[in-house]
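Q: Residues per chain are reported as follows:
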Amino acid sequence: MSPAARFFRWVKDHLVLVLGLLVLVYMFVPIAVVVLMSFNDPGKSKNVYAFRSFTWNNWLHPCHSAGMCHAVGVSVGIGVLATAAATAIGTMAAFGLVRHEFAGRSIANTVIFLPMASPEIVMGSSLLALFIAAHQGGHLGVWTIFIAHVMFCLSFVVVTVKARLSGLDDNLEQAAMDLYANERETFWRITFPLVLPGILGAALLSFSLSFDDFIITNLNAGQTTTFPMFVYGAAQRGVPMQVNVVGTVMFLIAITVVLGNTIYNRIQTKALATR
Amino acid sequence: MSQGSSEGSRSLHLSQLTKEFANFTAVKSLDLDVPHGSFFALLGPSGCGKTTTLRMVAGLETPTSGTIRIGDTDITYAKPYQRPVNTVFQSYALFPHLDIYENVAFGLRRRRSSEVHRQVNDMLALVELTSQARKKPAQLSGGQQQRVALARALINRPDVLLLDEPLGALDLKLRRAMQLELKRIQTEVGLTFIHVTHDQEEAMTMADTIAVMNAGVIEQMGAPNDLYENPKTTFVANFLGQSNLIAGKVLGPDGDFAKVNMHGVTVSIPTSRAHASGSDGWIGIRPEKVLIAGVGEEIDAPGNHLDGGIVTDVSFVGVSTQYMVRMPWGQELQVFEQNTGRRRLFAKGETVDLSWRPEYAFLLDASQDVNAGIEED
Amino acid sequence: MARSGKRRYTAYWLLAPGAIWLVLFFVVPFYSLVATSLYDPNGSVLSGYKVTYHFSNYWHALKSYHPELLRSLWYAGLATLVCLVVGYVLAYAIAFKAGKWRNLLLVLVIAPFFTSFLLRTLSWKLILSDHGFVVSTLQNVHILSHDGRLLNTWFAVVAGIVYNFLPFMVLPLYASLEKVDGRLIEAAGDLYANPFRAFFKVTWPLSLPGVVAGTLLTFIPAAGDYINAQLLGGPGQTMVGNKIENLFTTSQDYPDAGALSMILMILIIGMVMVYIRTSGTEDLV
Numbered sequence: 001m002s003p004a005a006r007f008f009r010w011v012k013d014h015l016v017l018v019l020g021l022l023v024l025v026y027m028f029v030p031i032a033v034v035v036l037m038s039f040n041d042p043g044k045s046k047n048v049y050a051f052r053s054f055t056w057n058n059w060l061h062p063c064h065s066a067g068m069c070h071a072v073g074v075s076v077g078i079g080v081l082a083t084a085a086a087t088a089i090g091t092m093a094a095f096g097l098v099r100h101e102f103a104g105r106s107i108a109n110t111v112i113f114l115p116m117a118s119p120e121i122v123m124g125s126s127l128l129a130l131f132i133a134a135h136q137g138g139h140l141g142v143w144t145i146f147i148a149h150v151m152f153c154l155s156f157v158v159v160t161v162k163a164r165l166s167g168l169d170d171n172l173e174q175a176a177m178d179l180y181a182n183e184r185e186t187f188w189r190i191t192f193p194l195v196l197p198g199i200l201g202a203a204l205l206s207f208s209l210s211f212d213d214f215i216i217t218n219l220n221a222g223q224t225t226t227f228p229m230f231v232y233g234a235a236q237r238g239v240p241m242q243v244n245v246v247g248t249v250m251f252l253i254a255i256t257v258v259l260g261n262t263i264y265n266r267i268q269t270k271a272l273a274t275r
Numbered sequence: 276m277s278q279g280s281s282e283g284s285r286s287l288h289l290s291q292l293t294k295e296f297a298n299f300t301a302v303k304s305l306d307l308d309v310p311h312g313s314f315f316a317l318l319g320p321s322g323c324g325k326t327t328t329l330r331m332v333a334g335l336e337t338p339t340s341g342t343i344r345i346g347d348t349d350i351t352y353a354k355p356y357q358r359p360v361n362t363v364f365q366s367y368a369l370f371p372h373l374d375i376y377e378n379v380a381f382g383l384r385r386r387r388s389s390e391v392h393r394q395v396n397d398m399l400a401l402v403e404l405t406s407q408a409r410k411k412p413a414q415l416s417g418g419q420q421q422r423v424a425l426a427r428a429l430i431n432r433p434d435v436l437l438l439d440e441p442l443g444a445l446d447l448k449l450r451r452a453m454q455l456e457l458k459r460i461q462t463e464v465g466l467t468f469i470h471v472t473h474d475q476e477e478a479m480t481m482a483d484t485i486a487v488m489n490a491g492v493i494e495q496m497g498a499p500n501d502l503y504e505n506p507k508t509t510f511v512a513n514f515l516g517q518s519n520l521i522a523g524k525v526l527g528p529d530g531d532f533a534k535v536n537m538h539g540v541t542v543s544i545p546t547s548r549a550h551a552s553g554s555d556g557w558i559g560i561r562p563e564k565v566l567i568a569g570v571g572e573e574i575d576a577p578g579n580h581l582d583g584g585i586v587t588d589v590s591f592v593g594v595s596t597q598y599m600v601r602m603p604w605g606q607e608l609q610v611f612e613q614n615t616g617r618r619r620l621f622a623k624g625e626t627v628d629l630s631w632r633p634e635y636a637f638l639l640d641a642s643q644d645v646n647a648g649i650e651e652d
Numbered sequence: 653m654a655r656s657g658k659r660r661y662t663a664y665w666l667l668a669p670g671a672i673w674l675v676l677f678f679v680v681p682f683y684s685l686v687a688t689s690l691y692d693p694n695g696s697v698l699s700g701y702k703v704t705y706h707f708s709n710y711w712h713a714l715k716s717y718h719p720e721l722l723r724s725l726w727y728a729g730l731a732t733l734v735c736l737v738v739g740y741v742l743a744y745a746i747a748f749k750a751g752k753w754r755n756l757l758l759v760l761v762i763a764p765f766f767t768s769f770l771l772r773t774l775s776w777k778l779i780l781s782d783h784g785f786v787v788s789t790l791q792n793v794h795i796l797s798h799d800g801r802l803l804n805t806w807f808a809v810v811a812g813i814v815y816n817f818l819p820f821m822v823l824p825l826y827a828s829l830e831k832v833d834g835r836l837i838e839a840a841g842d843l844y845a846n847p848f849r850a851f852f853k854v855t856w857p858l859s860l861p862g863v864v865a866g867t868l869l870t871f872i873p874a875a876g877d878y879i880n881a882q883l884l885g886g887p888g889q890t891m892v893g894n895k896i897e898n899l900f901t902t903s904q905d906y907p908d909a910g911a912l913s914m915i916l917m918i919l920i921i922g923m924v925m926v927y928i929r930t931s932g933t934e935d936l937v
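Sequence lines, in order, name chains V, X and G.
Here the working numbering is used: the first residue of the first sequence is 1, the next is one more, and so on.
Here the working numbering is used: the first residue of the second sequence is 276, the next is one more, and so on.
Here the working numbering is used: the first residue of the third sequence is 653, the next is one more, and so on.
Each hint should be verified, as a subset may be incorrect.
Claimed, not checked - List time: in silico DMTMM-like cross-link candidates among lysine to aspartate or glutamate, alpha-carbon distance up to 25 angstroms:
| no. | chain 1 | residue 1 | chain 2 | residue 2 |
| --- | --- | --- | --- | --- |
| 1 | X | K354 | V | D13 |
| 2 | X | K524 | X | E607 |
| 3 | G | K831 | V | D170 |
| 4 | X | K354 | X | D308 |
| 5 | X | K507 | X | D474 |
| 6 | G | K749 | V | D13 |
Stated by the list, open to error - Stretch-level coverage of chain G by chain V, calculated; a stretch enters the list once three of its residues show a Cβ under 8 angstroms from a Cβ in chain V:
| no. | region |
| --- | --- |
| 7 | 669-680 |
| 8 | 713-721 |
| 9 | 805-812 |
To be verified - Residues from chain X that keep clear of chain V, each with C-beta distances beyond 10 angstroms, as calculated:
| no. | residue |
| --- | --- |
| 10 | T348 |
| 11 | A368 |
| 12 | A647 |
It is worth saying that the hints were derived from the structure and are not from the lab.
For clarity, every value in this text was computed on a predicted model and none was experimentally measured.
Note that the Cβ used here is the ideal one computed from N, Cα and C, for glycine as well.
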């Protein structure tokens, strides 16, 4: 068989896989562009949608673009606060929903599900309608953004932690109690460590949702500018190349955290298996 | 004497123990005394209340009424971590995020025990897992996990060790090996083991006392061979091995025997094995105790002799041959004959005589369900 | 009994913060939105508004903005369909063909999600730009006329929506495909000579819960999205989200904005309910 024929045969056998990989490539094209453009020097050109020449400048002076670093700071700050609040409140709610029978549980489940199924524009505008009705229309800012972010992150936290928690064998906690661990020790030595990956996953998800949100934030931000709002505003005039540096860094952090975790687990399993 | 009392102070006593759930009663007014150092089996079909009883002793279920004591200490409402009782769970419930060593050390660490390291190593050696100490539970085989679960409970030297169908998840061969292993360890450490199971063979192999449970009550309790040879209820007769139960009318006592009319044939049953209160009863005989012979051939069984049986089914199972024999009154009796090689096989349709030695038969109360305990297992 | 009573109490304590937050900032705002949509349209930010049950706000909003409404539903529907086809291929490949690379590929599906939504959309603006590689290639092979463009067309907007919401389709699809026993598919391959028949008789029905969840998770946010229309489309591609945002922030015409928001919500809920009914997976939600 000729190499070409062999190649086509392989493609035919692996058609679905090849198509799937093409879809993945498609998903990464824009990210490659972001990374590439972070090294672009647009010079005096107004056209920020073409690569002109290579430079390290965007990486060396990310804050050169007026207002961007401040916007990133605002987004990180709100992201951290909203993540902390949503993760804490959502984790508690998940424990309540999974571990306890009580009247109104199905209503609670529905209310938690709804924000995930509502269009952002509707959630954002209704929150704004509330702030206006409460005569807070003039006081929109960091705190109203924080309120909105905690609200839409909550559902994701509850769902993520709940999934982890209901996958937990309750025999484990009974076994711990049977082995002389009181309620507190059982929680901190067994339940919490076993649910922790779910909680961390929920926190990571919350932070990225909060950091990335534009639609709801834009409606409730007043004069405050978050990073997505900065990008959106700049897009009308011509985006500074430094935003691509931020995009690349975000991507790298996410990939490091997620892949790092996967690799760490794999190495640990392997090391133990061969011992 | 002092020896006796210290032993007695660690034995388990359940009295009038009852557990009611929303729509049914799992355990009904149970009384049970388990002496220290015994290997005790709670045997019964699923749903009979044995696991609920075990969980109440462990403290994982709160009794509706009644008391649980160890020696003189009432532990009925004590928290699970406050009682000198440990459990080997059916699913093992090993902590997946801790390695084998830490799983075994868990109980000692919670009680701030000294010499954790030496004790854990000794225990791992006892269950032959020393080389696996730093692995996670998921990396062990089922049998190894089972031994970790056992070690994790045993290391605390509880007054009572509870085993909830601990061998249920293992395959047959491993199960046999673990049965002997458990028995060896129990003899070595000398603790009270309470073993819950629905497998009658497992219970008989391991336990020195078996309590047969059915529908929330203990039907009968005793040594395995007593239960098997002298069942007091139809449930025990059917659940523990197999029995032929034949309707009969009690004629009256004759010395150490009771005379019973069984479809026109008078059979005798030792009074110590007669448990019928009225004039009717079920005559019970184990299939392997029934002897079979061609018409007119001599059978070694003075007393109870039946003729006119017709072989309706023959199954040769190697170690024995199992016959179904239809009797003149229409009932089919089971007969197991050892394949000693000295006897010929009977063919389907052949007319045969049956007999059994009177001392092997037993008599049960006619009010009991003749099919109780049959479908299970 | 006292014990279980105490435990029930615990549940409420655990749920209280989350419940209060969601009621205050999700349920109550929705009520405000309803109220806003019924304001007297003659009020203003300065003079204040009154709820006068002006249902004519709805009529007015419908009359003024029905092209944007219809366009939103049409774009979202089309994008959902494309997402379903593309996402199914990817989810299928990961579930059945990826072998030990499964987890890695899943991570890669989620990874773009962690890079700014806006930046990724802006990337598409660059890729599809008038003098870019894609447009000039298409012009050279005469798929596009020599002055044809992609940017500021419905194609760019739908492509952007497809791209941005693809993970929402792939993940539920993968979750339900993963549960399908690979041996079942092999058995189907033996049973039906035609692999397409085998697929539609076995794999597709088993993956239906994922299909329903994925299409909902894609369609709902897509219908309310306006970033793709804003960045990739032109004035002819305005979606209802653009209008709502505009009415709230720029023109501050709250009654119209509220009514338009409500109409979008009602339309989506209606379509979702019909969809769930007909797909026969009511137990899903």
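Q: Going straight from one Cα to the other, do K749/G and D13/V come out at no more than 25 angstroms?
A: Holds, at roughly 10 angstroms.
Q: Taking 8 angstroms as the C-beta cutoff, is the stated coverage of the region 713-721 of chain G by chain V satisfied by three or more residues?
A: Result for this restraint: violated, n = 0.
Q: Is the Cα-Cα distance between K354/X and D308/X 25 angstroms or less?
A: Status holds; Cα separation ~21 angstroms.
Q: Say whether it holds or is violated: T348/X keeps its Cβ farther than 10 angstroms from all Cβ of chain V.
A: holds (16 angstroms)
Q: Would you check chain V against the region 805-812 of chain G, counting CB to CB pairs closer than 8 angstroms, and say if three or more residues qualify?
A: violated (count 0)
Q: Decide, holds or violated, for the assertion that all CB atoms of chain V are farther than 10 angstroms from the CB of A368/X.
A: violated (4 angstroms)
Q: How does the region 669-680 of chain G fare against chain V when you require at least three residues with a CB closer than 8 angstroms, holds or violated?
A: holds (count 10)
Q: Need the status of pair K524/X, E607/X: alpha-carbon distance at most 25 angstroms?
A: Holds, at about 19 angstroms.
Q: Take the C-alpha atoms of K507/X and D474/X, compute the straight-line distance between them, and say whether it is at most 25 angstroms.
A: Given that 25 angstroms is the threshold and the Cα spacing comes to 20 angstroms, the pair holds.
Q: Is the straight-line distance between the alpha-carbon of K831/G and that of D170/V 25 angstroms or less?
A: holds (24 angstroms)
Q: Does K354/X pair with D13/V here, judged by a C-alpha cut-off of 25 angstroms?
A: violated (61 angstroms)
Q: With 10 angstroms as the threshold, tell me whether A647/X passes as away from chain V on beta-carbon distances.
A: holds (32 angstroms)
Hints 1, 8, 9 and 11 from the earlier list are contradicted by this structure; the remaining hints agree with it.
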